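Residue numbers (the working numbering), protein chains in the order written: chain L, 1036 to 1171; chain R, 1036 to 1171.
Any given hint could be a false lead.
[Claimed, not checked] Each pair of labels, with its calculated beta carbon distance range:
1) R:1056 - L:1138: 48 to 56 Å
2) L:1130 - R:1064: 25 to 33 Å
3) R:1130 - L:1056: 37 to 45 Å
[Stated by the list, open to error] Dumping the calculated SDA-like pairs for lysine to any residue here, alpha-carbon to alpha-carbon at most 20 Å:
4) L:1077 - L:1056
5) L:1086 - R:1115
6) R:1086 - L:1083
7) R:1077 - L:1076
8) L:1140 - L:1130
9) R:1086 - L:1051
10) L:1077 - L:1048
[What the hints assert, rightly or not] Computed footprint of chain R on chain L, listed as stretches where at least three residues anywhere in the stretch have a Cβ under 8 Å from a Cβ of chain R:
11) 1080 to 1094
12) 1105 to 1115
13) 1121 to 1127
14) 1130 to 1139
Please keep in mind that the hints were generated in silico from the structure rather than gathered at the bench.
All values derive from a computational prediction rather than experimental measurement.
C-beta atoms are modelled at their ideal positions from N, C-alpha and C, and glycine is treated no differently.
Chain by chain, the residues run as shown.
Protein chains: 2
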Amino acid sequence: MTGFSSPCGACKFLRRRCVNGCVFAPHFCHEQGAAHFAAIHKVFGASNASKLLTSLPATDRREAAVTISYEAQARQHDPVYGCVAHIFALQQQVVNLQAQLESLKAQEPVQGYTNTCSVSSPEEDSMKAKVMACQT
Amino acid sequence: MTGFSSPCGACKFLRRRCVNGCVFAPHFCHEQGAAHFAAIHKVFGASNASKLLTSLPATDRREAAVTISYEAQARQHDPVYGCVAHIFALQQQVVNLQAQLESLKAQEPVQGYTNTCSVSSPEEDSMKAKVMACQT
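With the rest of the complex left out, here is chain L (with noise of 0.2 Å):
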């Protein structure tokens, strides 16, 4: 419940009563709260949703609450790729980001700039190998 017996945000969505320790109610208030559990419903299902929450320590449920919200919205936003297509631009950004910095350390031996210039190349090694291990 979310006070004064106004159902929590997800059961005024579902139009259920709202009981306490509702799994939905510290995290979807009355207002606002319904319009971004209509996405989670469509997308996971509130059965599922529940379920998630429910299986986390309570100081865990409002990350997982915001993110499955995040990923809801998302895919009606993009039903083919959903937030995966922030991924693959974040992606590309670090590739782009990535080739500006080889860029420079190549210009190097040409302009016979001295390591100040020149980036760490074991960060970027391990950028890559970070960028490698988030290819989906």
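With chain L held as given, fit chain R onto it using these hints.
Chain R in isolation, oriented as in the chain L frame:
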């Protein structure tokens, strides 16, 4: 059907008859498909996954099947953040790469480098804008 009357991986997992025109059949093979579909069934639910694929043009369903499979597996691996953890990691990687480029630009006056050693400010600003736009 996947041929030879064997059910697709989704129908095999759901232990149901795989009919001609099964929306899952083209994307979940009899062998590995069942394991991949298990995560989708647990996270999204078979019905929600079926509704999503059915709502898309046939040409988009393969990509959608791949992305929901990825999201489902990521959520099983990390129940709190799911694939959003991947987004956070990539965003941090972008910030770190941009910091390296900023550092190189800051060194220019000291080193007396010409623009041949500088990175493109407009591109960098554009990337910053993308990162901001990517904030969840």
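Consistency of the hints with the structure:
1. R:1056 - L:1138: 48 to 56 Å: For residue 1056 of chain R and residue 1138 of chain L the Cβ distance comes to about 51 Å; the hint holds.
2. L:1130 - R:1064: 25 to 33 Å: holds (31 Å)
3. R:1130 - L:1056: 37 to 45 Å: holds (40 Å)
4. L:1077 - L:1056: Status violated; Cα separation ~23 Å.
5. L:1086 - R:1115: holds (12 Å)
6. R:1086 - L:1083: Holds, because 16 Å separates the two Cα atoms, which is no more than 20 Å.
7. R:1077 - L:1076: holds (14 Å)
8. L:1140 - L:1130: Roughly 15 Å separates the two Cα atoms, so the pair holds.
9. R:1086 - L:1051: The hint is violated at about 24 Å.
10. L:1077 - L:1048: holds (11 Å)
11. 1080 to 1094: This one holds; 6 residues, not fewer than the three required, reach chain R with a Cβ under 8 Å.
12. 1105 to 1115: holds (count 5)
13. 1121 to 1127: holds (count 5)
14. 1130 to 1139: holds (count 6)
Of the hints listed earlier, those the structure fails to meet are numbers 4, 9, in rising order.
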